[in-house]
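With chain E held as given, fit chain D onto it using these hints.
Here are the chains, one letter per residue:
2 protein chains.
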Amino acid sequence: MPARGKIPRPTIKRLSLYLRELEGRLTGGEHRINSRQLGKVLDLTDAQVRKDLAYFGQFGHPGIGYDVEELITALRRILGVDHRWRAVIVGAGNIGRALMSYGRLRRRGFDVVAIFDADPTLVGTRIAETTVQPVEQLAAVVRRSDARIGLIAVPAESAQAVADALMDAGVQGILNFAPARLTVAKDVAIVSVDLSVSLEQLAFSISLRDGLPGSTRADAGADTEPDDAR
Amino acid sequence: MPARGKIPRPTIKRLSLYLRELEGRLTGGEHRINSRQLGKVLDLTDAQVRKDLAYFGQFGHPGIGYDVEELITALRRILGVDHRWRAVIVGAGNIGRALMSYGRLRRRGFDVVAIFDADPTLVGTRIAETTVQPVEQLAAVVRRSDARIGLIAVPAESAQAVADALMDAGVQGILNFAPARLTVAKDVAIVSVDLSVSLEQLAFSISLRDGLPGSTRADAGADTEPDDAR
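Heads up: the sequence lines are chains E and D, in that order. According to the numbering used here, the first sequence is numbered sequentially starting from 1. According to the numbering used here, the second sequence is numbered sequentially starting from 1001.
Read the hints as simulated data drawn from the structure, not as lab findings. Backbone N, C-alpha and C fix where the C-beta goes; we use that ideal spot for every residue, glycine too. Any given hint might turn out to be false.
[To be verified] Over 12 Å on every C-beta distance to chain D, these chain E residues come out as not near it, computed from the model:
1) 24
2) 26
3) 32
4) 47
5) 63
6) 64
7) 70
8) 81
9) 123
10) 136
11) 143
12) 158
13) 161
14) 194
15) 196
16) 201
[As the list claims (entries may be wrong)] Stretch-level coverage of chain E by chain D, calculated; a stretch enters the list once three of its residues show a Cβ under 8 Å from a Cβ in chain D:
17) 110-122
18) 166-177
[What the hints assert, rightly or not] In silico negatives: residues of chain D with every beta carbon more than 10 Å from chain E:
19) 1031
20) 1047
21) 1054
22) 1059
23) 1107
24) 1109
25) 1133
26) 1149
27) 1158
28) 1179
29) 1191
If we strip away everything but chain E, and leave its shape as in the complex, we get (with noise of 0.2 Å):
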């Protein structure tokens, strides 16, 4: 365990998809995993599923392998989600809906408890249960609802304001979608979501398959390599 770790980001996801891998064995039936079986089905090495779980402490033992519930809990502690997340969306367009709908959220920890537009047409209007509520109600639902998390899901040219407001209502993580860059406070976290930089990675990804001209390296296997190989 490094001394002062920064915790690379990569690894944080990683620790996501272990989760789910392990969450996914336990209701199959299996108790106990080595790291070599766990790195297969993530396309990782061994060593980089043990160096990764190495930052936040000991796991495991030598020739044994990983306790299944024992890692699960432990993954979940870190991650935060051992406790369930009380989030607002403001947005009720396709996307917003989309989130409102989307029922991992749910089954990850998240509960959205409200939803936000500024437009009257929308408001009134229910999506998955919720009644989408006015802009001008975000503050006091927030505070009430203690909800931590903020998803933003307006056009570019609202989603600073809307952070703001966010901000201002005591929110400490927004999870943005809108294509913009947002200046937040330095105690609240930011998650940005941009769905064409995906499309891109899948662009290039095609394109040195191809060996089309766009790809000046037709034999570098970008395309299989874990999240931060090297």
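Below, chain D without anything else, positioned relative to chain E:
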């Protein structure tokens, strides 16, 4: 440039971010930038920026920096987005609808030419000026339109069958939104999007700041890390 350079995924992702920043600067009338300036806005060191670009050749001039327009052209070529891509969406639920209306895809060079669903009550409805077609038409439409990318926005239990149908139809890349791990042919690229992973990263960042019991490393500062710093 490494002899048998494998290009790390985070590098590819950052190329997209460099491209966006450069395009913004060009629009703003800037024609020259150095690696320090480019790194600063993305919270990366100038060395990281230079290392990322060095995978693909020699760009810019020491002490002078990069020609913004030249670097944009090079990055578009490297990413394979110097030409447009045709894509189809399978699944006309909330996620499919959100994708269909997501203007940024078109702006980034991806044209969604068709959307399909198996539900007869959705077939024939219109989303963003496109009519939902029956999934039975998938193969014919993909071949006729020469679509090379398929976006999967169906429930987990149908996702593999949809992936198989897309591959049979000749699609070369799949962007998967279904909560399922898919098996694809060796010559097909796949990128999976799981929004609950983004939320878990956010939860982890908030926990770090809070120093909650869930966080063992309140001082680790993982949330300020660029994607693959170590």
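- request: Quick one: which hint numbers does this structure break? Sort them smallest to largest.
  value: Violated: hints 1, 8, 14, 15, 16, 17, 23, 24, 26, 28 and 29.
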